[in-house]
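Asker: Residue numbers (our numbering), protein chains in the order written: chain P, 1 to 157; chain L, 1001 to 1358.
Calculated directly from the structure, the hints in this document are not laboratory data. None of the values given here were measured: they were computed from a predicted structure. There could be a bad hint or two in this list.
[Claimed, not checked] Over 10 angstroms on every C-beta distance to chain L, these chain P residues come out as not near it, computed from the model:
1. F6
2. V67
3. P86
4. E93
5. E124
[Stated by the list, open to error] Partial list, derived from the structure: chain P residues whose beta carbon lies under 8 angstroms from chain L:
6. I92
7. A125
8. Y150
By construction, the Cβ of each residue, glycine as well, lies at the ideal position given by its N, Cα and C atoms.
The lines below spell out each chain.
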Amino acid sequence: MKRSRFVLKEIVRGGWITARHFTVNMARHTLRLFGLRTARPGAVTIQYPEQVKPLAPRHKSLHRILVRESGLPQCVACMMCATVCPSECIFIEAAETDDPEVQKYPATFIIDLNRCCFCGFCVEACPEDAIRMDTGEIRLSATARKDLEYPLEKLLR
Amino acid sequence: MTDTLILVVKIVLALTWTMLLALFLTWVERKESAVIQDRIGANRASILGVRAFGLFQPFADALKMIFKEDFSPAFSSRALHTIAPLISFFFTAVAVVAMPFGDSIRLGGRTVALQVADVDAALLFVLAMLGLGIYGILVGGWASNSRYPLLGSLRGAAQLISYEVALGLSLVGLVMVFPSLRLSEIVRFQGGILLGFLPKWGIFLQPLGFAVFFVAALAETKRVPFDLPEGESEIIGFYTEYGGLKWGLFMMTDFLEVIVVSCLAATLFFGGWQVPWLGAGGFRFPWGGGWALPAWTVTLLQVVSFNLKVAFFCWLQVLIRWTYPRFRYDQVMTLGWKLLVPAGALNVLLTGLVLVLK
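Please take these sequences and the hints and turn them into a complete structure.
Answerer: This is the structure:
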């Protein structure tokens, strides 16, 4: 019972804090409802599907493979990304090109997003700067697993 | 015949008022907690694209609950399991009939009290109905024939019966001061003037009594911080084995109890439908002067005043629910028996002393 004095004080303080939050936020909501801007909004909520938070510049999202001016993929099928990939989700089949400067290109390049853990090691490993993870696409979902195996055509951009 | 008709209309109106308030209290609870926590809260329920701050949410919830499976486990006592939420709900809802919403009005040559039933010992009636609500919890927990519900219901019974004592004691002082147990007369008495300017409200006559009453009444609603019967985080509580509309009835009972407690606090301690210095003919200010008002304006002001007071106490209870963490079980018992009951007894003693010395 000796500590009950402090408990009473804390009870009043706690109620004061929540009541203050309620009043201040309510005032902000009301002002904004009537079109008056306040220094801060009444809530920190982002109404997601309608309102999207900008991604950080160093974010990792869906992969893309860069394209050369000649139309070929930047990738030279060196298999570095497939080797470094901890999820083993990259499948590459190499083929020869007529261009003596390039020599090889990926005939198939599949990223299995079912397995991908978005670590970004493939981006780090690539000697040609051919693969990047900066498309900004983070809403990746599908109704079938097959749809998440992205072939080269879907990755080139 | 006409009397019966009036009674039926009053019952329907009171029930509608209570149910609508209880329904929208679920919305208030979600929104108020959201505003307190810098969130927005439920706002997606819409009818034809009209969201209206999520005001349709209670209806969406109700619809969902109605269409859920009416399930009772094979090991439960089916009849008691079904009847328990009804007991809980009925006895809490019925307490509203004693609440005076306003002064009597003259309607076509007869006096109509804005109250469903002017029960003679209304104060005792309301306490008795709140007390009977315990049976819903007890029967529900026991009929579930499962361990956690039983634990929850036993906790609930112990807690509610303990706090009933404090609740009763806190009102004894009030009974000593007020001339009657009739709620209508209690409210009428509070229309007087104290010390020349204060309205003669229960809070000014019985400040300690109000403190004890409010804490005990909070415990009676068995919501956080006194939600030991439910105890979400440890035992799921007396309604573990309930689902769908039966569970919904238990939840509605919680909100009904909030309403009944708000009504009681407003009626007993904050002058019910009284507006400060508003008499039958209009305002009469203690510093002289007045403001004559027609009878219907006075009645309207009284009803609005009662509703505002009830709304304030509902708001306060939701605020309390979203502010304080749960008590431990022994803390609840300590608070009830070692603090509230002695404080209530002290209040009775002090009231008696003041009444004798006056």
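Asker: Far enough from chain L: is every CB of that chain over 10 angstroms from the CB of P:E93?
Answerer: Per Cβ check, P:E93 is outside 10 angstroms of chain L; nearest 47 angstroms; holds.
Asker: Does P:V67 sit more than 10 angstroms from chain L, CB to CB?
Answerer: With a cut-off of 10 angstroms, P:V67 remains clear of chain L, as the shortest Cβ separation is near 41 angstroms.
Asker: Are all C-beta atoms of chain L more than 10 angstroms from that of P:P86?
Answerer: Fine: 37 angstroms to the nearest Cβ keeps P:P86 off the interface.
Asker: Minimum Cβ distance from P:A125 to chain L below 8 angstroms?
Answerer: Violated, because the Cβ-Cβ distance from P:A125 to chain L comes to roughly 42 angstroms (cut-off 8 angstroms).
Asker: Examine each Cβ of chain L, and state whether all of them lie more than 10 angstroms from the Cβ of P:E124.
Answerer: holds, 38 angstroms
Asker: Quick one, is the P:I92 hint okay against chain L at 8 angstroms, beta carbons?
Answerer: Violated. Min distance 44 angstroms.
Asker: Hint P:Y150 vs chain L: min CB-CB distance below 8 angstroms?
Answerer: violated, 32 angstroms
Asker: Verify that the Cβ of P:F6 lies farther than 10 angstroms from every Cβ atom of chain L, and report whether the claim holds or is violated.
Answerer: holds, 14 angstroms
Comparing the model with each numbered hint stated earlier shows that hints 6, 7, 8 do not hold.
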